[in-house]
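Each chain, written out:
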Amino acid sequence: DVKVTQSSRYLVKRTGEKVFLECVQDMDHENMFWYRQDPGLGLRLIYFSYDVKMKEKGDIPEGYSVSREKKERFSLILESASTNQTSMYLCASSGLAVQETQYFGPGTRLLVL
Amino acid sequence: QKEVEQNSGPLSVPEGAIASLNCTYSDRVSQSFFWYRQYSGKSPELIMSIYSNGDKEDGRFTAQLNKASQYVSLLIRDSQPSDSATYLCAGGYNNNDMRFGAGTRLTVKP
Chain A
1 DVKVTQSSRY LVKRTGEKVF LECVQDMDHE NMFWYRQDPG LGLRLIYFSY DVKMKEKGDI
61 PEGYSVSREK KERFSLILES ASTNQTSMYL CASSGLAVQE TQYFGPGTRL LVL
Chain B
1001 QKEVEQNSGP LSVPEGAIAS LNCTYSDRVS QSFFWYRQYS GKSPELIMSI YSNGDKEDGR
1061 FTAQLNKASQ YVSLLIRDSQ PSDSATYLCA GGYNNNDMRF GAGTRLTVKP
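So the sequences go chain by chain: A and B.
Here the numbering used here is used: the first residue of the first sequence is 1, the next is one more, and so on.
Here the numbering used here is used: the first residue of the second sequence is 1001, the next is one more, and so on.
Among the hints, a few may not be true.
Derived lysine-lysine pairs resembling DSS-like cross-links, with alpha carbons at most 27 Å apart [stated by the list, open to error]:
no.	chain 1	residue 1	chain 2	residue 2
1	B	K1042	B	K1002
2	A	K57	A	K18
3	A	K57	B	K1002
4	B	K1002	B	K1067
5	A	K70	A	K3
6	A	K3	B	K1042
7	A	K70	A	K53
8	B	K1042	A	K57
9	A	K71	A	K55
10	B	K1042	A	K18
11	A	K57	A	K13
12	A	K18	A	K71
13	A	K71	A	K3
14	B	K1109	B	K1042
15	B	K1042	A	K13
16	A	K55	A	K13
17	B	K1056	A	K71
18	A	K55	A	K18
19	A	K53	A	K71
20	B	K1002	A	K55
Hints in this document: simulated from the structure, not taken from any laboratory.
All chains should be built: construct the whole structure from the sequences, respecting the hints.
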């Protein structure tokens, strides 16, 4: 079974804090993704990575950065958290074949006060 | 125009009925499509993928793809209360990623 894990299920941070969200997959997938999900807006792609040290901006990269130093691990970084970054964050991974199924982690619900 | 659009619902059907979920997509979305189910508080899980024009059946679920109309749908036959969830349509975009619709919330009433 594909397994995608995320470092925290719930996080509470204060405005201005630096926040790290970590995602690990055990299927040797090349592609990894970070989304945020908000009511009425669906899943929006923040960043994705198709290889170690490679990254591509998604639709809403502002205020976020990412890091992929190892194939199995993809980190999302909020350099200075703001209240409008309160959301559910979902990590996903997929294989190299064009548009393979994405497998999702359990999500991290982040509250920024 | 968004790459993938869903009728936002919510949709309510009685137990045993057919639930029909619909999705349209733009020219920028390529020809692979996915339906995910997401229970409240959980992450999305894949139900079906479809790549070719026509119907694809898996148990009570049927995905339909009409490339000429840029339309993809999911039919759930004999709907059960356990099918109550949000259903997300997704389409391949560029080479490596997907775009998701906003989701349709389905409620199946006993």
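Satisfaction of hint between A:K71 and A:K18, Cα-Cα up to 27 Å:
holds (23 Å)
**Prompt:** Are the Cα positions of A:K57 and A:K18 separated by 27 Å at most?
**Reply:** Holds, at roughly 20 Å.
Within a Cα-Cα threshold of 27 Å, do A:K70 and A:K3 meet the stated pairing?
holds (16 Å)
* Going straight from one Cα to the other, do B:K1042 and A:K57 come out at no more than 27 Å? -> Given pair B:K1042, A:K57 holds - Cα atoms ~25 Å apart, limit 27 Å.
Q.
Just to be careful, I want the Cα atoms of A:K71 and A:K3 compared with a cutoff of 27 Å; is the pair within it?
A. holds (14 Å)
Are the Cα atoms of B:K1042 and A:K13 separated by 27 Å or less?
holds (22 Å)
Is it true that the CA of A:K55 sits at most 27 Å from the CA of A:K18? holds (20 Å)
- Does B:K1042 pair with B:K1002 here, judged by a C-alpha cut-off of 27 Å? Cα-Cα ~25 Å, so holds.
**Item:** Pair hint outcome, A:K55 versus A:K13 [Cα-Cα no greater than 27 Å]
**Value:** holds (26 Å)
Exercise. Between A:K57 and A:K13, is the straight-line Cα distance small enough, at 27 Å or below?
Worked result: holds (24 Å)
- Distance restraint between B:K1109 and B:K1042, which requires alpha-carbon spacing of 27 Å or less: This hinted pair holds, its Cα atoms lying about 21 Å apart.
Is the hinted pair A:K71 and A:K55 satisfied, with a Cα-Cα distance of at most 27 Å? holds (12 Å)
The structure does not agree with numbered hint 17 stated previously, though it agrees with all others.
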